[in-house]
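K.L.:
If you want the building blocks of each chain, they are given just below.
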Amino acid sequence: MNKNSMIEIKNVNKMYQNLTALENVNLNINQGEFIALVGMSGGGKSTLLRLIAGLEKPTSGEITVGKDNSRSVMRMMFQEDRLLPWMNVLDNLSFGSKDKNTKAHAKELLDLVELGDYANHFPNQLSGGQKQRIALARALMTNPKVLLLDEPLGALDALTRRKMQDLILDVCQKQHLTTILVTHDVDEAARMADRIVVMKESTNYYEEDCPKNRNAGQIGIVADRVLNEILGEKEIQKQTA
Amino acid sequence: MQDSLTIARKKRKFDLPVTKLLPFLLPIILILFWQVSSTLGWLSSSVLPSPLAVLQDGIKLTQSGELPKNLSISLYRATVGLLIGGGVGFILGFINGMSKTCRLLFDSSIQMFRNIPHLALIPLIILWLGINESAKISLVAIGTMFPVYINTFHGISSVDPDLIEMGKSYELSKSQMFFKIIFPAALPQILVGIRYALGVMWTTLIVAETISASSGIGYMANNAEDFMDMETVILCIVVYAILGKISDLVAKSFESLLLEWQTTGRSNV
Ligand SMILES: Nc1ncnc2c1ncn2[C@@H]1O[C@H](COP(=O)(O)OP(=O)(O)O)[C@@H](O)[C@H]1O
Ligand SMILES: [Mg+2]
Numbered sequence: 001m002n003k004n005s006m007i008e009i010k011n012v013n014k015m016y017q018n019l020t021a022l023e024n025v026n027l028n029i030n031q032g033e034f035i036a037l038v039g040m041s042g043g044g045k046s047t048l049l050r051l052i053a054g055l056e057k058p059t060s061g062e063i064t065v066g067k068d069n070s071r072s073v074m075r076m077m078f079q080e081d082r083l084l085p086w087m088n089v090l091d092n093l094s095f096g097s098k099d100k101n102t103k104a105h106a107k108e109l110l111d112l113v114e115l116g117d118y119a120n121h122f123p124n125q126l127s128g129g130q131k132q133r134i135a136l137a138r139a140l141m142t143n144p145k146v147l148l149l150d151e152p153l154g155a156l157d158a159l160t161r162r163k164m165q166d167l168i169l170d171v172c173q174k175q176h177l178t179t180i181l182v183t184h185d186v187d188e189a190a191r192m193a194d195r196i197v198v199m200k201e202s203t204n205y206y207e208e209d210c211p212k213n214r215n216a217g218q219i220g221i222v223a224d225r226v227l228n229e230i231l232g233e234k235e236i237q238k239q240t241a
Numbered sequence: 001m002q003d004s005l006t007i008a009r010k011k012r013k014f015d016l017p018v019t020k021l022l023p024f025l026l027p028i029i030l031i032l033f034w035q036v037s038s039t040l041g042w043l044s045s046s047v048l049p050s051p052l053a054v055l056q057d058g059i060k061l062t063q064s065g066e067l068p069k070n071l072s073i074s075l076y077r078a079t080v081g082l083l084i085g086g087g088v089g090f091i092l093g094f095i096n097g098m099s100k101t102c103r104l105l106f107d108s109s110i111q112m113f114r115n116i117p118h119l120a121l122i123p124l125i126i127l128w129l130g131i132n133e134s135a136k137i138s139l140v141a142i143g144t145m146f147p148v149y150i151n152t153f154h155g156i157s158s159v160d161p162d163l164i165e166m167g168k169s170y171e172l173s174k175s176q177m178f179f180k181i182i183f184p185a186a187l188p189q190i191l192v193g194i195r196y197a198l199g200v201m202w203t204t205l206i207v208a209e210t211i212s213a214s215s216g217i218g219y220m221a222n223n224a225e226d227f228m229d230m231e232t233v234i235l236c237i238v239v240y241a242i243l244g245k246i247s248d249l250v251a252k253s254f255e256s257l258l259l260e261w262q263t264t265g266r267s268n269v
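Residue numbers (the numbering used here), protein chains in the order written: chain A, 1 to 241; chain B, 1 to 269.
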C-alpha cells in the first residue's frame, strides 16, 4: 500500500444475481482527500460505498482501508438521517460509542453543528436540515478517519444544502478526514471535492482534479465538464439522430 | 403578539376540563334517564332494575364478600392466561420475526391454527382439562396468544432496513441490534397487539366462566340468571364494562409512557 493512501480499491466486481452492479473498479484515495463520486442513478455508487464500509463483500477484487483495514475508522451518512426516533438527540449521538465521557463529547459536537440547545429533543421535533446536522454529529462521535457520505444533502432545500456543504467541508478539513461524497449534483461536487470521479457503465471512469481555492467561475467550468462527461455520449447520440 | 399568545393560552386552559368531561356527558344523561324511568314506573324492574337497585346489590355483594371473591378469581385467571398467552405469542413472534428459517417452518401452521375461533375449543378443553382453573386459563392463553404473536411478528419483521443497516455499520452485536434497534422499533406494534389481547382476554373469560365454572364474575352472572336475580346480572355486566375500561386505560398509559417519542410532537418545541 502506498504510504499516503487511505482507501485502495483493486479490480472490484459486484454482482447481484445476474446484475452487474460494479465492474472492475480501481480507485486509490489518499489520506485527507475529498472525493466526489458522481454518475447516473443506478450506476453503483451506493454499492461501492457499502462495499468500502464493509456492509457487503465484493464478488471479486480487494478493498483495503487504512493500514489495519479496520471498519471502525469509517462512518457513513445517508440521504435519510437514520436517527433512532425513540431516542433523544443526545442518546442518538451516544449510540454506538463505547467510551465513558460520551456525553461531554456529544455536547461539543452538538455545539459544532450549532444545535447545542436541542440535546433533549426527539428527531420528530426537528427539521430535515437539523436532522442531517445531528446525523453528521453522530458520524463524528467515534472520531472517524473516513467519512462515507451517500447523497446526505439530497433531500435538503438549496439554502440549507449550501450551509451543510460548508459545514461538512469545514469539519473534513479541520479533522483531516478522508471523505467520499456521493452526489447527483455536479455543482456540489465541483464546489467541495479535491477530485471528482465519474462512474460510468463498463470500466470507463473519468477523473477530474479540481483546482484549490476555486472561484465561482472555475466551479462552473468544472461542473460543466463533469456533466458533459456523464451525459456526453447520450447528448451526442441525440444530436446526430 | 404577546397578547394573542396569552389569549391562546387562556383559551387552552379553559378548554381542558371541558374536553375531559365531555366523554362522560352521555353516560351520565343515560343513567339519569334510566333512573327516572324506573322511578316513574316506565321500566318494570323485571325487565331492567334501576341503577340505584343495581348499586345497592353491588354494595350488598361486596359486604358479603361474594363480589370481591369472584372478582379476584376472575382477575387471577385473566392475568395468568394473558401472561402465558402473551409470553408464548411474543416468543413465537420474536423467533419468526428474527429467523427466516423459523418463519418458513412455523408461520403458516400458526396462521392455520389462528383461523379456528378459539372459543370453539371450549368443549375440547373441558374434555381434556375438566372445568378446573387450567381450562379457563388455557382458553385465555390461546385467545391472547394470537394477537400478540401476529403483532410482534409483524413489528419485528417490518423494522426499517435502513436502521438495521445503520446498526450494522456500527458493528452492533446481535443482542445490541435487538435491544437498541429492533425491539424499540417494533414496540408500538407489539403494544397494539397487547391492547387487542386485553379485549380478547375478557371476552374469552366471560364465555368460559359462563359455560363452565363454579366461581368468577361470569359464574356469578350465570348463577344469578338461574335465580332470576336481575340486579346481579346487570351488576356483572357493569363490572365487565369497568374492567374492560380499566385495562384499556392501563394499556393506554403504558403506551404513552413507552412511546413518549411518538407523542412529543412539534407543538412542544
Ligand atoms: N441489494 C441489492 N440487490 C440487488 N440489486 C441491487 C442491490 N443493491 C443495488 N442493486 C442494483 O445495483 C445497481 C446499482 O445500484 P446503486 O449502487 O444503488 O446505484 P446508485 O447509488 O449509483 O444509484 C442498480 O441496478 C441496483 O438495482
Ligand atoms: Mg445511491
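In short, the hints are calculated from the structure, not lab data.
We put the beta carbon where it would ideally sit given N, CA and C, even for glycine.
Do not take every clue at face value.
As the list claims (entries may be wrong) - Covered stretches of chain B, going by a simulated chain A footprint (3 or more residues, C-beta under 8 Å):
(1) 157–165
(2) 176–189
To be verified - Just the calculated beta-carbon pair ranges, DEER-fashion:
(3) B/23 with A/124: 40 to 50 Å
(4) A/42 with B/254: 40 to 50 Å
(5) A/174 with B/106: 51 to 61 Å
K.L.:
Indicate, hint by hint, whether the structure satisfies it.
P.N.:
Structure-based check of all given hints:
Counting residues of the region 157–165 of chain B whose CB lies closer than 8 Å to any CB of chain A gives 3, which reaches the minimum of 3, so the coverage claim holds. For the region 176–189 of chain B, the assignment as covered by chain A holds, since 5 residues bring a beta-carbon within under 8 Å of that chain's beta-carbons and 3 suffice. Against the hinted window of 40 to 50 Å, the Cβ-Cβ separation of residue 23 of chain B and residue 124 of chain A comes to about 28 Å, which falls outside the hint. At about 45 Å, the beta-carbon gap between residue 42 of chain A and residue 254 of chain B stays in the expected band of 40 to 50 Å.
The hinted window of 51 to 61 Å between residue 174 of chain A and residue 106 of chain B holds, with their beta carbons roughly 54 Å apart.
Hint violations for this structure: number 3 only, all remaining hints satisfied.
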